[in-house]
Amino acid sequence: MPKHIVRLILLIVAVLALAAIAAPLLTVDSFYRYGHYRADSVAQIAAQEPVYQTPRYCYGCHTERRAQWSAGNHKSVTCEVCHGPARGHPQSGRLYIPTDTVKLCTQCHEAMPGRPRTQPQIEVAAHSGGQQCAICHNPHTPKISAAAAKVSGDAAAGEQSAAACAGCHGDDGNSPNDTWPSLAGQNAAYLARILAAYQSGDQTDPVMTPLAKALSDADIQNLASYYAGLSCKPTAGGKPVGDVAAGKALAKNCAACHGETGVGANPAWPILAAQKPGYLVNVLKAFKAGLRKDPMMAGVSRGLSESDIANLAAYYAAQSCPSTK
Amino acid sequence: MTKDSKPELAARRAFLVKLAGAASCAGAAVGAATLGLTPAVSAKTAPAADGGSFPTKDYDWTKHQWGFGVDATKCIGCLRCVEACKRENDVPANAHQFRTWVERYVHLEGEDQVRIDSQQDPVNIAASGSEKTFRFANRYKDAKVYKAFFVPKLCNHCTHPACVQVCPVGATYKSEDGVVLIDHDYCIGCRYCVQACPYGARYFDEERGVSDKCTWCYHRITKGLQPACVEVCPVGARIFGDQKDKESPISLFIRNNRVQVLRPESGNAPNVFYVGIDKEVN
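Quick note, the sequences are listed as chains A and B, same order.
My numbering puts the first sequence at residues 852 to 1176.
My numbering puts the second sequence at residues 22 to 303.
Quick caveat, the hints were computed from the structure, so don't treat them as lab data.
Each hint should be verified, as a subset may be incorrect.
Which bits of chain A does chain B cover? Going by a derived footprint, with three or more residues having C-beta under 8 Å, they are [unchecked claim]:
no. : region
1   : 929-943
2   : 966-979
3   : 1124-1132
Pairs of lysine-lysine residues, derived as DSS-like cross-links and limited to a Cα-Cα distance of at most 25 Å, are as follows [unchecked claim]:
no. : chain 1 : residue 1 : chain 2 : residue 2
4   : B       : 78        : B       : 244
5   : A       : 954       : B       : 78
6   : A       : 994       : B       : 95
7   : B       : 95        : A       : 1084
8   : B       : 244       : A       : 926
9   : A       : 1103      : A       : 954
10  : B       : 244       : A       : 954
11  : B       : 95        : A       : 926
These numbers were taken from a predicted model, which means no experiment stands behind them.
We put the CB at the ideal spot given by N, CA and C, even for glycine.
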């Protein structure tokens, strides 16, 4: 064989030998394990931590929300759709609470060509005049429930039954005591809802529970109508329980439901203006401690300190009564 | 003859030495590929290296074959899916890079051409108020709309993915459970795959210098969760599940509906199945 051919063959053999040595050195272990790619990268991708956690995760703490949410029309809208991803929330304690509910709700409910007919859609201007959706709708159960329906009781009959209440709530529905709430001028639908809650045991109070259990449905309607019709009196002077100005700043967070001065637009929720400050403090503490149950109030009261509560109570107590309806 | 007397010969010798070095390097690379490929074929049928399941100890990818459904008749164009996808997968917060998106198709009375926009249209970005949040502007509110509908889009995780075929470095591949994934450590940023995808499902992440696209939230589905877009869809327009499980949401969706795929003529054989779309959608 000619010399130069031998050299060529030797060169090829040398190159192949070099390749055989180089191949394992230059290729990572997991390459080619399943195909022309690095198998380890699959495990790397699978190891990323999820950001969205599913409602089941949220229920781990927020059990109170589950029944309300899962019974409502928004049961297909999971927590994280509006509140954002839950990862990191338990540690930081922070969560996105949408404040501009017009912007939030119209994302799905603005009347728009292309949306299926089955989707409930509104034109904001005609539907609400542009006011915040949460004033009338609870975003967790958006359908306006029977609780907000008109109360059609007999105020005169209510006055008869109210004799039993006058000891604590005052002859004219204005409580003589700082601890007990004034009822005069309160929303009838709210009064009826709370009395019904005492009756059913959803809300308990050593004094109110037995009293409410003795009432018929008609009694509740009559009482609610009677007290709603009385005129509210401003809280008497005396030392305010907290800083009114600080309370005013905090109260901005409550305005969507309770109105800027404690007079909200939705009859299912209480008027707070001119309410007894001691009562307001107790109620907020009860919500915070979970003794009084309301999904919305539990959430908003959780972040309030003792002084926040006192300031809020002072602010609302100092507001003037709503003008007679 | 000496080096001093014939300098041009010395130069030629030096050149040949360099050439031989370069040739053996190239040969080594070619040889490595040839030799490397041989064990790959045999390894394909072998069980996972660590004896257990792959890619995680709780998840065996040979037991699943994922599929995705889109019911365009349900989509309300709220774009929760687009925002959730961005947060879940750390997609750059801007108005031109998306792993999933939603298109709006509008036929106006008296017009032959369909009008198409998506959340990244400047009018829609103006309506959302920022490039980090998305909403469809109500731009056809007062127009005479003959027909309109929304169509969510995402990577089709094709059975014969063109993007995988063109990747020169094996940085993108089809997993055993039917998901087209990207190895960001191996991606060299050549963007062939972005060009090759007939659906425009891939984008190039300039900051990281790699291609990126939908993974069907592989890190979620391997933990028993739904992809983030499916998780947050308030109307059930997105359906996900295991095609090997005949009672899974996707199997029922395919069985109970007349489904279609986008651009079937491209030969990619997509695994995202659509209901309720027009011929203009592709």
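Quiz item: Is it true that the CA of residue 994(A) sits at most 25 Å from the CA of residue 95(B)?
Solution: This hinted pair holds, its Cα atoms lying about 21 Å apart.
Quiz item: How does the coverage statement for the region 1124-1132 of chain A fare against chain B, requiring three or more residues with Cβ below 8 Å from a Cβ of that chain?
Solution: violated (count 0)
Quiz prompt | Straight-line alpha-carbon gap residue 95(B) to residue 926(A), limit 25 Å | solution = Satisfied, since the Cα-Cα distance of roughly 16 Å is no more than 25 Å.
Quiz prompt | Straight-line alpha-carbon gap residue 244(B) to residue 926(A), limit 25 Å | solution = Holds - the C-alpha atoms of residue 926(A) and residue 244(B) are around 24 Å apart, at most 25 Å.
Quiz item: Within the assertion that chain B covers the region 929-943 of chain A, do at least three residues meet a Cβ-to-Cβ distance smaller than 8 Å?
Solution: Contact hint for the region 929-943 of chain A vs chain B: holds, 5 residues under 8 Å.
Quiz item: For the pair supplied as a hint, residue 95(B) and residue 1084(A), is the alpha-carbon distance within the 25 Å limit?
Solution: 53 Å, violated
Exercise. Could you grab the alpha-carbon distance between residue 954(A) and residue 78(B) and see if it respects the 25 Å cut-off?
Key: It is violated: about 44 Å lies between the C-alpha atoms, which goes past 25 Å.
Practice problem: With a cut-off of 25 Å on the C-alpha distance, tell me whether residue 78(B) and residue 244(B) pass. | Solution: 11 Å, holds
Practice problem: Can you take a look at whether the region 966-979 of chain A is actually covered by chain B? Rule is 3+ residues, C-beta closer than 8 Å. | Solution: holds (count 3)
Self-check item: Restraint status (C-alpha distance of residue 1103(A) to residue 954(A) at most 25 Å)
Solution: 18 Å, holds
Quiz item: Going straight from one Cα to the other, do residue 244(B) and residue 954(A) come out at no more than 25 Å?
Solution: Given pair residue 244(B), residue 954(A) is violated - Cα atoms ~34 Å apart, limit 25 Å.
Checked against the numbered hints listed earlier, the structure breaks hints 3, 5, 7 and 10; every other hint is satisfied.
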